[in-house]
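Based on the hints, put chain B in the right spot on chain A.
Number of protein chains: 2
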Amino acid sequence: MTRPPTSRDLARLAGVSQATVSRVLTNNPKVNPETRARVLRVLEEANYIPNALARAMKTGRTDTIGVFMTRVTSPFHAELLDEIGRVLSALGLHMILWNIEHDPEESVGKMIQQRLVDGFVLTSATYDSSLHTIAVASGTPTVLLHRGIDGLDCDQVVGDNWQGAYDAGRYLAEAGHTDIGLVTLEHTGNTSRDRDLGFRAALADAGIRIKPRNVLTVGVPHADGHAAAQKLLSAKKPPTAIYTVTDLLAFGILDGARALGVRVPGDLWVIGFDNTDLAAWESFDLTSVEQPVHAIVETGIDLLRRRIENPDRPAEIITLPCPLKIRKSTANTPWRS
Amino acid sequence: MTRPPTSRDLARLAGVSQATVSRVLTNNPKVNPETRARVLRVLEEANYIPNALARAMKTGRTDTIGVFMTRVTSPFHAELLDEIGRVLSALGLHMILWNIEHDPEESVGKMIQQRLVDGFVLTSATYDSSLHTIAVASGTPTVLLHRGIDGLDCDQVVGDNWQGAYDAGRYLAEAGHTDIGLVTLEHTGNTSRDRDLGFRAALADAGIRIKPRNVLTVGVPHADGHAAAQKLLSAKKPPTAIYTVTDLLAFGILDGARALGVRVPGDLWVIGFDNTDLAAWESFDLTSVEQPVHAIVETGIDLLRRRIENPDRPAEIITLPCPLKIRKSTANTPWRS
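Those protein sequences? They're chains A and B, same order as listed.
Counting from 1, position 316 in the first sequence corresponds to residue 316 in the UniProt record's numbering; the numbering is continuous, with no gaps.
Counting from 1, position 39 in the second sequence corresponds to residue 39 in the UniProt record's numbering; the numbering is continuous, with no gaps.
The shape of chain A in the complex, shown without the other chains (with noise of 0.2 angstroms):
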């Protein structure tokens, strides 16, 4: 290894004095932007810092997008996560990964504030954390995918949870079931909030009472899903449908009917929500509400890259379909009462 350049050697190389090596260096708007191009063309061939700092210096830009998220071992998250890298590697940007499930937030905030990219992807904003206002506040360019914020002055792009939902309890109380449960998760964010409230309005608006002791709420887990399933079911009179708020516990609570020996669509229905990949599978054949990923993912990004072009543009809050999928663990047929 020999000795990094000195500034004189940058100068003498780029053919200009000392000081204006250093007014580039310090984004001096003095110098002519030909100069400065070719300073910064002979710093990066004399790799006196790395290349993309040196181009990062040169246009205020990482070319990498920070996107936070938590549980990508959740069959959701894992497609959420998928789909967010496709569209950034079409756009030839990096992607700097936060699993915030493992960060302390008072270090993601930290980092929040270092400027390490372009701009910010929050995949899983509760109620409960101040990470989203901290990002907003930090004026790096942000949006919101899947998971929004009421009254976040930010980009969001969601999902009509509320709307999905609703569809999945009429479509149970059109096919004739009365006696239905609801497992269901503490309203952390608007997703388990809406997925909820959605559904209860279905049945509300149909004339049917859920009965306190159908409705469970629980982790997110598909051991979860497993055990309130065991609960529902060993009742006397057991709910003869379950609807609940993720494609995950809906794999838990189909696994929970089957260790009882009760078979689906016979004795139960069962619907879940996302529509993951894994729901189309033969062991699942789940009927569930689409959340639209791709779509999400598409649109948010776009609203990103206008965010980076135009900082003071309005916010834009974007709410996109989420169609109910009607497979076997449903029956197209009226419910035998």
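Some hints here could point you the wrong way.
What the hints assert, rightly or not - A partial selection of chain B residues facing chain A, derived with a Cβ cut-off under 7 angstroms:
| # | residue |
| --- | --- |
| 1 | 72 |
| 2 | 81 |
| 3 | 85 |
| 4 | 86 |
| 5 | 89 |
| 6 | 99 |
| 7 | 258 |
| 8 | 259 |
| 9 | 282 |
As the list claims (entries may be wrong) - Within a straight-line C-alpha distance of at most 20 angstroms, the following computed SDA-like cross-link-like pairs (lysine to any residue) qualify:
| # | chain 1 | residue 1 | chain 2 | residue 2 |
| --- | --- | --- | --- | --- |
| 10 | B | 110 | A | 45 |
| 11 | B | 237 | B | 213 |
| 12 | A | 110 | B | 93 |
Unchecked claim - Take a look, some chain A residues computed to stay more than 10 angstroms from chain B by CB distance:
| # | residue |
| --- | --- |
| 13 | 179 |
| 14 | 262 |
| 15 | 325 |
In short, the hints are calculated from the structure, not lab data.
Glycine residues also receive a C-beta, built at the ideal position from the N, C-alpha and C atoms.
Showing chain B alone in chain A's frame:
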């Protein structure tokens, strides 16, 4: 927005000459360390360039590791990614994730040259790719996890796929199976190769001949396992056991068997490889050879950090055991023949 600070402003703030600011920015070794630290602090506080870039200039490090991966939607890869994220976060390191499935190899090669990161983690090295060679040749510290490349002079941490596959074969042979199906992948990497050859070796050692029509080479998705099962099981004398080289294919095989009404393990035993979280789900209850993700990632990131500290350390290749985890897709009783 005010104008960006000039080198004159910065020099005044730091109490040094403009020439000193310039020397600091060009890494001139003549600046005394205290002065250097003071100037960099002023630069950071003035935000004349992003903090992370200033720190990168100061330390020569970005505190960021580049992770190359494919197929994050496959349950095994999602678990691997989650574990890498967990370990890097605990060390205060950022992760740039390159999903090389979406990026043409050429552009990935370019990224490697840009020195955006302190080190590379490659999780999906294949014989027909030159990425690992480019990564190692770039001089950036590199570790191969999960997939290794024989003879490549860099740190590698892999599971003992051959031995794990051998144990699966011996287990089937000892249980009395003689008609055995093998659903395998092209040998594009060491995992598919060793998981195939180890299994064949065990059958050969047990004096069992595997019929050519019982060996199917397929693609990676669940649907390919499903189709393979349907093909193998519709033969006049179908195999009584099927072993395959990934859990994802095994899930497809279980689903294909289910669609035909073939009972597992009554009519058919199934063994997968990876021991993903899903393998334990009731739907599958899959006997599987474990890929020790946690140990592979912990060990691999440790090797990478040691290489970043000491680039001249000799390369280490570490192989960790892959134990067979028996569940209900196989029985603990001898096969009735």
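For each hint, the structure was consulted:
no.	hint	verdict
1	72	holds (5 angstroms)
2	81	holds (6 angstroms)
3	85	holds (4 angstroms)
4	86	holds (5 angstroms)
5	89	holds (4 angstroms)
6	99	holds (4 angstroms)
7	258	holds (6 angstroms)
8	259	holds (5 angstroms)
9	282	holds (3 angstroms)
10	B:110 / A:45	holds (15 angstroms)
11	B:237 / B:213	holds (11 angstroms)
12	A:110 / B:93	holds (13 angstroms)
13	179	holds (24 angstroms)
14	262	holds (12 angstroms)
15	325	holds (17 angstroms)
Violated hints: none; the structure is consistent with every hint.
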